[in-house]
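Asker: Please work from the sequences and hints to get the whole structure.
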Amino acid sequence: MSATVQTQLIAGLPLLLIAAGIVLVMLLVAGSRNHRAVAQLTTLGFVLTFAACLLPQPAVGVTPLLLFDDYARFGMAIVAVCGALTVLLLYGYVESLGGYREEIYLLLLIAALGAMTLCAARHAASLVLGLETLSVALFGMIAYPHRHTLPLEAAIKYLVLSAAASGALMFGLALVYTATGHLQFESLHVAFSSLSSSADRSLAWAGVALVWAGLAFKLSIVPFHLWTADVYHGAPAPVAGFLAAVSKGAVAVLLLRWLDAAALQQAPALAQMLALLAVLSIAVGNLAALVQNNVKRVLAYSSIAHFGYLLVPFLVGGATAREAVLVYVASYAVMTLGSFGAITVLSEPATGEDADHLYDYRGLFWRRPLVTSTFTPMLLAQAGMPLTMGFLAKFYVLAAAVEQQAWALALAVVIGSAIGLYYYLRLIVVQFLPRPGGMRREGVLSETSLTAGAALVVLTALLLGFGVAPQSLLAGVTQALSSLN
Amino acid sequence: MSTVPLLHALAVCALLFALGLAGLLIRRGLVFSLMCLEIMLNAAGLAFVVGAARWAEPDGQVMFLLVLTLAAAEVAVGLALLLQIHRRFRSLDHDVIARMKA
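Those protein sequence lines, which keep their order, are chains Y and A. So for the first sequence, the numbering used here puts the first residue at 1; every next one is plus one. So for the second sequence, the numbering used here puts the first residue at 1001; every next one is plus one.
No lab work stands behind these hints: they were computed from the structure. Backbone N, C-alpha and C fix where the C-beta goes; we use that ideal spot for every residue, glycine too. Mixed in with the good hints there might be a few duds.
[Claimed, not checked] So the derived label-pair ranges between C-beta atoms look like this:
#1 Y/P56 x A/S1091: 55 to 61 Å
#2 Y/F395 x A/Q1061: 36 to 42 Å
#3 A/R1087 x Y/R201: 49 to 55 Å
#4 A/H1086 x Y/S197: 17 to 23 Å
#5 Y/Q405 x A/G1029: 47 to 53 Å
#6 A/G1029 x Y/P223: 39 to 45 Å
#7 Y/A319 x A/L1007: 38 to 44 Å
#8 Y/E442 x A/A1080: 18 to 24 Å
#9 Y/Q479 x A/W1055: 33 to 39 Å
#10 A/W1055 x Y/L16: 29 to 35 Å
#11 A/W1055 x Y/L425: 53 to 59 Å
#12 A/A1098 x Y/G99: 23 to 29 Å
Answerer: So this is what it looks like as structure tokens:
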């Protein structure tokens, strides 16, 4: 084996490990159905993948499609951590769901493989492949409790709208290719600035606008946000958490590699349009969340607002802005997995609906004090409370906007956060209100409650740990960004 | 043999894409939704072929094969979902299935 092939194989280790995990899990399921063994194997796969992402290596391009640099490894590490924690949350959930349990881990691994491909993509082909691998696996994960109607409705809505968005994305990529003749991201950057004829230029920018529309759907930016509330509501709680954390995070990582401020500056009209959409996302997300009585829908609308905030650093540009994007992706993954994790622990999947009504949370502090003590910090972090990762993320977004003197966007973030405080506090306060006839301790200690509890404890530790001492996270972000350009 | 002008070819792609999108918005049946999605994805594939013809490269045609495969995967999962939906709801109409309200 030649030296270059060897370095390429080592660089591609995270993807290879996940792919090997998929095959192994499939064989294991075919041989004998053992839920615990499959869950353990999947967790092992994610842990090994995470370890492989931490190996210090140079940037290695594998074929024209993939580039494994520190930036890709940072994204893949986040995906691996989210995957491992999702397995812990899923274990108890699918155990009580009944029916075939093991295949959801297969789908989870496939979705993670797609997300990791997105993190390392530097070509239109790997972008499309990664995005579709991720989405198609997610359709299956959302519809997994197929005996119930809500997940089916959520899955078909997500499928139809996501496929339409993919269609727009691919059409956009095709227009860009027709105009520039390049499919690789790096050469596209050069080709954009050197387009001579005005017809080609307008063709290329129409293509980029369509690509943004397709990706904005995945990030649930207004006006492509209509699926979010229904899908979060209908999907099983751990799957909704994974969808929010990984599918959106990976797309944001991809966008930063390719379509950041430098590319936007050449089309001021598009940049202005996106700024308007960011402000609208913040406004619509926060205002719609105010009137919801369903906890999953509140989290869905709050995620629309969160990705409005995340769009701000994309638009203003600069070194701080790039750091802000990665810090926000990491923090949002922890906060949203933790919030949906708490819903998972409280849910009884056999009933067909998760514990998502506000009333289910009344008196929770007395009934399930451990769940409340992890759920409350997650919600406070989403509101941007200091000493949590959520504050760090908001701080970076604001710093990036102020540094580039984008006062309007900074103001939108501040006002949005102020409105957000109301509905997060409402969710917290209700957990401490008395519930007539139901103030006794609930919840039993079992293997399944321990695994989900372990995931919640790890997430809370990450949330507070990085909130108090963010140095190691920031060092990772700086190292990841140094390999970009 | 004369070649098809670039603009005409792209106009056909855009028309196909718009037809698919319009069908997706207007038709109420889920099977029709899947067919309209297929039309939209094929419009994207055709646009890749147009690009490949312009630059005389095979890259765009490879992308077309990729689009075709992905569309097939998406529709396969979609049809599996339709079977389940028909079993639970006894209907494939958008309005019957949409029960979640804000």
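Asker: Now tell me if each hint is right for this structure.
Answerer: Here is how each hint holds up against the structure:
Range check, Y/P56 to A/S1091: Cβ separation about 57 Å, and the 55 to 61 Å hint holds. For the hinted restraint 36 to 42 Å between Y/F395 and A/Q1061, the CB-CB distance of approximately 48 Å leaves it violated. At roughly 51 Å, the beta-carbon separation of A/R1087 and Y/R201 lies within the given 49 to 55 Å, and the hint holds. Checked against the hint of 17 to 23 Å, the pair A/H1086 and Y/S197 fails, with Cβ atoms roughly 51 Å apart.
Our hint of 47 to 53 Å for Y/Q405 and A/G1029 holds, since their Cβ atoms are close to 52 Å apart. Checked against the given bound of 39 to 45 Å, the beta carbons of A/G1029 and Y/P223, roughly 25 Å apart, lie outside it. At roughly 42 Å, the beta carbons of Y/A319 and A/L1007 sit within the given window of 38 to 44 Å. Taken as a hint, the range 18 to 24 Å is violated for the pair Y/E442 and A/A1080, whose Cβ atoms sit roughly 37 Å apart.
Between Y/Q479 and A/W1055 the C-beta distance comes to about 37 Å, which sits within the given range of 33 to 39 Å. The hinted range of 29 to 35 Å is satisfied by A/W1055 and Y/L16, whose Cβ atoms lie roughly 33 Å apart. At about 57 Å, the beta-carbon gap between A/W1055 and Y/L425 stays in the expected band of 53 to 59 Å. With their beta carbons about 25 Å apart, A/A1098 and Y/G99 fall inside the hinted range of 23 to 29 Å.
In the structure shown, a violation is registered for the earlier hints numbered 2, 4, 6 and 8, in ascending order.
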